[in-house]
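Asks: In the order they appear, the protein sequences are chains A and B. Mapping of the first sequence onto our numbering: residues 14 to 130, in sequence order. Mapping of the second sequence onto our numbering: residues 19 to 127, in sequence order.
For the record, the hints were derived by calculation from the structure and aren't laboratory data. In this text, a Cβ means the ideal position worked out from N, Cα and C, and glycines have one as well. A few of these clues could be false.
[Unchecked claim] Derived list of chain A stretches under chain B, where covered just means 3 residues or more per stretch with a C-beta under 8 Å from a C-beta of chain B:
{"no.": "1", "stretch": "28–41"}
{"no.": "2", "stretch": "121–130"}
[Stated by the list, open to error] To list a few chain A residues with every Cβ distance to chain B over 12 Å, as calculated:
{"no.": "3", "residue": "R77"}
{"no.": "4", "residue": "F78"}
{"no.": "5", "residue": "E81"}
{"no.": "6", "residue": "E84"}
{"no.": "7", "residue": "S100"}
{"no.": "8", "residue": "E118"}
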Amino acid sequence: GAGVSQSPRYKVAKRGQDVALRCDPISGHVSLFWYQQALGQGPEFLTYFQNEAQLDKSGLPSDRFFAERPEGSVSTLKIQRTQQEDSAVYLCASSLPRDGANSYEQYFGPGTRLTVT
Amino acid sequence: EDKVVQSPLSLVVHEGDTVTLNCSYEVTNFRSLLWYKQEKKAPTFLFMLTSSGIEKKSGRLSSILDKKELSSILNITATQTGDSAIYLCAKSSNYQLIWGAGTKLIIKP
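Let the sequences and hints guide you as you build the complete structure.
Replies: Following this line, the structure appears as structure tokens:
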């Protein structure tokens, strides 16, 4: 079946531009996660949705970062007034369980590589 | 701070060698320990470990969890060049995964 998809795969933005990154999770997956991965590092948690509810946004690095999942499926991560330090791969992952206390394996999309010049 | 630490950070071996990758974690809110393989794209799931001492195996890869030592190992036997990747370990803590920095494994032909 179809996995998690993300678009665009690559994005180059000039400093100060706004960007929007899209994630299509696996159909029926309740939980959706956004991660930021810098070169040579493991993914860093940004935010978590259960259906359309954003239950945790503690990892968002600043108020320039905003995520939404209005209908509980597709999610968008928006970064306003991009800065060079925002350059990273942004990974989206989805998982099935409704119960946040049992975190099953997360399935990752291919990521969006954002380069801010 | 909740941390997952992996070692070594990088490893270069020859095809056919056996490697052991290490992962240690903090006990806070532990649910399970997961291993992922990351090549050029997104991490792909390898194993999820919840019980101590029970080995999970998939082909040449195997993994085991030691809850007493708060650690896990990932073994790869008879390595092949296709095993070259970053191997990530993550602790499942409630709904979150806390990730290690990964071990970069390079297999030389």
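Asks: Compare the structure with each hint and give your call.
Replies: Results of checking the hints against the structure:
1. 28–41: Answer violated; 0 residues pass the 8 Å Cβ test.
2. 121–130: Holds: 4 residues of the stretch 121–130 of chain A have a Cβ under 8 Å from chain B.
3. R77: The claim holds: A/R77 sits with its nearest Cβ about 22 Å from chain B, beyond 12 Å.
4. F78: Its Cβ never comes within 12 Å of chain B, the nearest being 17 Å, so this holds.
5. E81: 18 Å, holds
6. E84: At about 20 Å from chain B, A/E84 clears the 12 Å cut-off, so the statement holds.
7. S100: 17 Å, holds
8. E118: 5 Å, violated
Hint compliance for this structure: hints 1 and 8 are broken, all remaining hints hold.
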